[in-house]
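Engineer: These are the residues of each chain, in order.
There are 2 protein chains.
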Amino acid sequence: MTKPCIICVAITGSLPKKADNPAVPITISEQIESTQQAFEAGATIAHCHVRNDDETTTSDPEKFGLLLDGLRKHCPGMIVQLSTGGRSGAGHARGGMLSLRPDMASLSVGSNNFPTRVYENPPDLVDWLASEMKKYGVKPEIEAFDLSHIHKAAEMNRDGRIPGKLYVQFVMGVKNAMPADRDTFDYYIKTVERLAPGAEWCAAGIGRHQAEINEWCISSGGHTRT
Amino acid sequence: MTKPCIICVAITGSLPKKADNPAVPITISEQIESTQQAFEAGATIAHCHVRNDDETTTSDPEKFGLLLDGLRKHCPGMIVQLSTGGRSGAGHARGGMLSLRPDMASLSVGSNNFPTRVYENPPDLVDWLASEMKKYGVKPEIEAFDLSHIHKAAEMNRDGRIPGKLYVQFVMGVKNAMPADRDTFDYYIKTVERLAPGAEWCAAGIGRHQAEINEWCISSGGHTRT
Ligand SMILES: [Zn+2]
Ligand SMILES: [Zn+2]
Ligand SMILES: [Zn+2]
Ligand SMILES: [Zn+2]
Numbered sequence: 483m484t485k486p487c488i489i490c491v492a493i494t495g496s497l498p499k500k501a502d503n504p505a506v507p508i509t510i511s512e513q514i515e516s517t518q519q520a521f522e523a524g525a526t527i528a529h530c531h532v533r534n535d536d537e538t539t540t541s542d543p544e545k546f547g548l549l550l551d552g553l554r555k556h557c558p559g560m561i562v563q564l565s566t567g568g569r570s571g572a573g574h575a576r577g578g579m580l581s582l583r584p585d586m587a588s589l590s591v592g593s594n595n596f597p598t599r600v601y602e603n604p605p606d607l608v609d610w611l612a613s614e615m616k617k618y619g620v621k622p623e624i625e626a627f628d629l630s631h632i633h634k635a636a637e638m639n640r641d642g643r644i645p646g647k648l649y650v651q652f653v654m655g656v657k658n659a660m661p662a663d664r665d666t667f668d669y670y671i672k673t674v675e676r677l678a679p680g681a682e683w684c685a686a687g688i689g690r691h692q693a694e695i696n697e698w699c700i701s702s703g704g705h706t707r708t
Numbered sequence: 483m484t485k486p487c488i489i490c491v492a493i494t495g496s497l498p499k500k501a502d503n504p505a506v507p508i509t510i511s512e513q514i515e516s517t518q519q520a521f522e523a524g525a526t527i528a529h530c531h532v533r534n535d536d537e538t539t540t541s542d543p544e545k546f547g548l549l550l551d552g553l554r555k556h557c558p559g560m561i562v563q564l565s566t567g568g569r570s571g572a573g574h575a576r577g578g579m580l581s582l583r584p585d586m587a588s589l590s591v592g593s594n595n596f597p598t599r600v601y602e603n604p605p606d607l608v609d610w611l612a613s614e615m616k617k618y619g620v621k622p623e624i625e626a627f628d629l630s631h632i633h634k635a636a637e638m639n640r641d642g643r644i645p646g647k648l649y650v651q652f653v654m655g656v657k658n659a660m661p662a663d664r665d666t667f668d669y670y671i672k673t674v675e676r677l678a679p680g681a682e683w684c685a686a687g688i689g690r691h692q693a694e695i696n697e698w699c700i701s702s703g704g705h706t707r708t
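Top to bottom, those sequences are chains D and E.
Each number in my numbering comes from the position in the first sequence (counting from 1) with 482 added on.
Each number in my numbering comes from the position in the second sequence (counting from 1) with 482 added on.
Chain D extracted, bound-state conformation (with noise of 0.2 angstroms):
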């Protein structure tokens, strides 16, 4: 089941700043810079978050116009996703950006800790954001913070919500959510392929862990993201 290797880049995430480490990417010509170097080494998905000028994240439609026309001009044939994650905005506004249509965007089914909080993904605004894809005709990335998610996006693909073949990142790694446990990581595939036959899939690790869950992913088939 070995599969070509797809590999996905995360360019600038929602958390580090230009203080931890200045060779975050943080204005869209820095991002767009950043994606087409991981473009040319080989990279065809960018997953991709904004920033407010005093580097907070946003969910800004207009940011993401200008991202996601700068990297259709500098990386063509790029797969761009764009994250509808809650720690850019709240509600309705972290679907704003999805009548730019852009090939995927983020989708979380479920809701789990952070390290400080609760990531809230309410049952109605899933489906508000589930209902925007098909609309927009965005393949939606299930981001699979605990097992239930993967049944839950089975769910709303078995009955039409989530149309087409399921594409599922699992994340692990984070704190008070799903640690970076192979034999969890080994489930996840097992239940993947047993409730979304012919579902892809891919896996992120956070921080110090990404390296690890990219070798899992390499020797189980799986796309990797750097």
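No false leads were slipped in.
Copies of the same chain look alike in the list, so a pair counts if it works inside one copy or between any two.
The list that follows gives simulated cross-link-like pairs (lysine to any residue, SDA-like), each with its CA atoms no further than 20 angstroms apart:
#  : residue 1 : residue 2
1  : 499       : 512
2  : 657       : 640
3  : 657       : 639
4  : 657       : 602
5  : 616       : 645
6  : 672       : 661
7  : 657       : 677
8  : 657       : 607
9  : 647       : 672
10 : 555       : 510
Hint data in this document are derived by calculation from the structure and do not stem from the laboratory.
Starting from the known structure of chain D, arrange chain E with the ligands on it as the hints suggest.
Structural biologist: Only chain E with the ligands this time, still in chain D's reference frame:
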């Protein structure tokens, strides 16, 4: 690995009302009477919620105190477990009854979706509830609504926030949380045995799933809930 079966009876719960089922015990004296019947029929643990006069749920320590006294008198030796669940209150109010020193109390260690909302158990509240249980010698029953909750409980057990042998209840069949899935049930048991050897576990299915899950419990050596 068959153990003697402990029968756990959930009196009242947090949802049903007299209008749904006239047999639901609502007042403290109805609850005591109904638990005594279950006790005489062999139940050894009573999982308890309390209600206001208008049947809405509450965490009122005075009501819990009356119930606890009644159960100690009418069901001598029965293990009384009080609910700290979020349907009955918010924040520290959820743990106000712990100073009554019941034998056990329920403890959620993560957040997840419920049918129409987020079940919020933020990390600082989880830590506070666990520390109150430790302070008053109350044994927590971990309410595992998802796989990461088992990991979190094992972590808190290792670092002493939850002392002694872990006692975990798998909650399945709640819409938007974990469905009643046999493969997951078996993996939950495997995970408890791997991360917290010697831990006890039981399982609760919601509504129509209860009978099914009781059968899985009995066939796998866990406790059952009626
Ligand atoms: Zn990915
Ligand atoms: Zn992201
Ligand atoms: Zn129980
Ligand atoms: Zn309960």
